[in-house]
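Please put together the full structure from these sequences, using the hints given.
2 protein chains.
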Amino acid sequence: MSHDALLTDLYQLTMLQGYRRRDMRDGAVFEFFVRRLPENRRFLVAAGLEQALDYLEALAFDADDLAWLRASGRFEPAFVEALADFHFSGDVDAMPEGTPFFANEPVLRVSAPLPEAQFVESRLINLLHLQTLVASKAVRCVLAAPGRQLVDFGMRRAHGAEAAIYAARAAYLAGFTGSATVAAAIRFAIPVFGTMAHSFIQAHPSEAEAFVDFALSQPDNVVLLIDTYDSVDGARAVVRVAPELARQGIRIKAVRIDSGDLREVSQKVRAILDAGGLHQTGIFCSGNLDEYSVARLLAAGAPIDGFGIGTHLTTSNDVPSLDCVYKLQEYAGVPRRKRSPGKATWPGRKQVWRRFAADGTPLGDTVTLANAPGPAGATPLLEPVMRGGRRLAPSPPLAQLRATLLQQLERLPEALRSAVGETGYPVEIAAPLRALAEQVEGRQALAR
Amino acid sequence: MSHDALLTDLYQLTMLQGYRRRDMRDGAVFEFFVRRLPENRRFLVAAGLEQALDYLEALAFDADDLAWLRASGRFEPAFVEALADFHFSGDVDAMPEGTPFFANEPVLRVSAPLPEAQFVESRLINLLHLQTLVASKAVRCVLAAPGRQLVDFGMRRAHGAEAAIYAARAAYLAGFTGSATVAAAIRFAIPVFGTMAHSFIQAHPSEAEAFVDFALSQPDNVVLLIDTYDSVDGARAVVRVAPELARQGIRIKAVRIDSGDLREVSQKVRAILDAGGLHQTGIFCSGNLDEYSVARLLAAGAPIDGFGIGTHLTTSNDVPSLDCVYKLQEYAGVPRRKRSPGKATWPGRKQVWRRFAADGTPLGDTVTLANAPGPAGATPLLEPVMRGGRRLAPSPPLAQLRATLLQQLERLPEALRSAVGETGYPVEIAAPLRALAEQVEGRQALAR
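One line per chain: the protein sequences are U and G, in this order.
Going left to right, the first sequence walks through residues 9 to 456 as the working numbering numbers them.
Going left to right, the second sequence walks through residues 9 to 456 as the working numbering numbers them.
Keep in mind that the hints were calculated from the coordinates and are not lab data.
Copies of the same chain are indistinguishable here, so a pair counts whether it falls within one copy or spans any two.
Taking lysine to aspartate or glutamate and the DMTMM-like style, the derived pairs with C-alpha atoms no more than 25 Å apart in a straight line are:
no.	residue 1	residue 2
1	351	446
2	351	313
3	351	449
4	276	449
5	261	282
6	261	228
7	351	272
8	351	326
9	351	436
10	261	272
11	351	241
12	351	269
13	261	84
14	351	238
15	351	217
16	276	252
17	261	217
18	261	238
On a predicted model such as this, the values are computed, not experimentally measured, just so you know.
This is the structure we're talking about:
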């Protein structure tokens with residue numbers, strides 16, 4: 009009763025019935041891309057491919073799906089019966105997860121009989137959008153907090169269960185240290201972090217008793233939340249309980265501050281901890297943080313060793329959606345182009361080439377036709393990942409994708425590292441693609 | 009292997025182990041509320057209660073969960089074994105779904121032994137936040153488009169599967185006509201809508217042929233997308249194919265425009281349709297719409313009969329998160345108060361009372377202690393919904409909640425109806441609650 013295949017827009021089904029009527033099942037090419045970079049994103053990070061391929065491999069209508077379709081009265085019985093055998097038999101080429109990319113660059117290309125390539129649109133966009141959105145937000149936090157611990161705290165205000173779990177994955181892929189979300193940690197082998205809530209402190213007769221209780225219960229992971237009543241008083245309480253805990257062999261790993269002027273409070277708390285001999289006790293901050301506030305705090309010299317980033321990460325709060333689409337580029341061997349105002353597309357089956365300096369710094373991209381040659385020495389970014397509906401290889405481990413992205417971040421041009429300002433990164437639309445666009449335009453004008 | 013119970017923050021588990029160590033399982037009261045209304049929300053709409061109660065009733069750790077917890081090495085074996093019997097045995101009082109509410113008003117109150125009331129925090133917030141967020145966005149669209157059809161088109165850019173499905177539910181609850189998302193329609197008996205994508209037009213040799221094909225395949229639901237190449241040309245093509253379709257008994261219900269200056273284009277298209285005798289063919293618009301653009305279009309006299317609202321609805325794009333929390337208000341019969349800067353809470357077990365004029369217009373709210381009397385003639389908004397871990401009654405049908413909300417919208421004061429500006433709606437914190445807050449403050453200061 010999960011109706012996984014029917015997590016789709018109704019129009020995919022009405023279109024499939026239309027295609028069937030005229031037996032339109034020649035090969036179609038669709039590409040997933042982002043039309044425009046949002047104002048506050050210098051680049052985006054491709055993510056979600058593993059889940060997209062899982063979806064394509066598993067796609068099938070079960071008996072419940074077919075029963076609902078039959079009972080709906082919206083479809084011809086023969087069409088519904090044919091769906092019993094429907095599955096995805098096509099090819100996918102895609103950028104590896106963790107690849108930085110730009111507007112108008114295809115991130116994923118599907119080549120399949122028209123009904124199959126069409127039907128998967130809604131869920132493919134849904135899966136690729138979410139993780140790309142969050143990875144592209146997370147990487148900005150990573151760039152803003154070099155050498156600091158970054159933990160995803162955002163499950164509670166993520167948009168539902170899947171958003172929470174995939175956001176944790178996307179954030180880790182993009183360089184986060186880990187997540188507080190247990191289910192995500194289990195599913196994707198992400199390091200998991202967690203301490204206590206204010207309610208734990210409030211339920212105890214006093215803050216100091218809560219600290220001792222927690223430390224005795226979790227001696228290997230003592231991070232104490234000190235802002236329930238007043239962070240400075242809380243830090244003093246930590247210093248007071250530390251000697252007794254030390255006698256029992258328990259070290260206070262860190263304190264957490266979740267409110268107030270974090271620059272000022274972290275400096276006061278650092279001074280109190282140091283004066284109390286707790287030089288090894290770190291300061292971890294949270295509370296409505298994002299890449300902008302993290303960068304400001306560190307620029308102001310706040311002595312903060314790690315950050316919990318919550319809602320702003322998992323909802324990508326400043327940019328909660330990308331203008332991403334999945335568009336028909338070719339059908340039955342003929343390139344297609346949509347011309348709607350503000351939404352025109354580049355036709356045909358495409359490839360993206362990236363040029364690198366000798367030290368690995370990316371210099372610029374070229375978008376051209378898949379069968380046209382790329383610039384000399386450039387690297388093609390879309391790779392074959394699925395043929396005939398089956399993966400060519402298991403998806404790479406998440407930790408490996410993360411390591412590759414972190415390496416790429418080290419070589420990122422300065423203009424792309426900064427949180428604001430113009431990108432300045434050149435993305436060229438190559439001559440063969442421009443020529444094809446003009447030619448398709450002429451042909452389509454004649455057909456109308 | 010779904011690990012539903014472990015869709016939580018790790019700290020819930022570390023706290024539970026801490027509570028167990030000291031046998032802290034007296035009764036606790038937590039309340040879910042929103043600390044501040046976002047700038048562009050005059051009021052919020054409570055939603056997600058049905059899913060929250062489902063979660064509480066089903067909460068249990070399965071063998072896989074326990075195996076992971078054991079293997080993690082983070083927890084005492086006896087604690088993990090005890091979790092095998094963990095379930096929710098508490099009480100819930102809540103505002104009915106569809107109730108308009110304001111900042112600092114408890115929407116849902118949990119009373120349960122401390123570990124149970126504590127543990128459910130993360131997922132309860134996750135469930136209540138999402139639907140409340142989307143219902144509160146959707147109701148603004150409903151107010152902006154009186155008498156127009158409104159359809160949720162936002163599955164593809166919703167944040168994952170659950171976001172898509174619950175957004176469809178929340179939008180329908182808040183007065184939308186229906187959704188394009190098939191799985192949501194099935195699960196919640198929401199009316200489902202859908203036509204065709206641009207790719208359907210592009211895959212055909214000409215727009216006119218695509219229109220005829222679609223109409224013959226879906227004769228009862230002919231809505232034709234006319235903006236793939238040029239909306240005015242598209243409207244002319246509709247007029248050209250209409251007579252032949254009419255001869256076969258097929259009526260063109262509507263055209264859809266998905267791009268361009270919708271005011272100007274809809275007027276031109278209306279004129280073309282009317283000149284072609286298609287007075288009964290409606291105009292349905294979509295394309296990056298929200299309550300602001302819908303209101304502007306209708307104020308400018310655009311002849312639009314319905315709107316598809318997508319990304320802006322399902323991500324609540326202008327306000328993608330609410331400052332909602334679930335806070336300990338009482339433990340072991342003693343009221344508690346968090347004092348963190350900017351995050352102080354009102355202590356104790358509370359009730360919200362709403363005063364109404366004779367015609368049903370809400371006049372103002374009072375937040376007071378649950379055991380204090382409410383203002384004369386006022387109605388308490390929080391109702392008992394669960395006792396001893398079991399629902400008191402089945403959740404009301406969604407269509408009934410929707411009808412109740414639509415009735416309330418008719419009586420909404422003008423200041424709350426408008427999309428922008430000050431609320432002006434009075435929410436009073438009653439004297440008994442203020443007195444308790446001062447008293448708790450004094451006690452807590454002594455305890456530190």
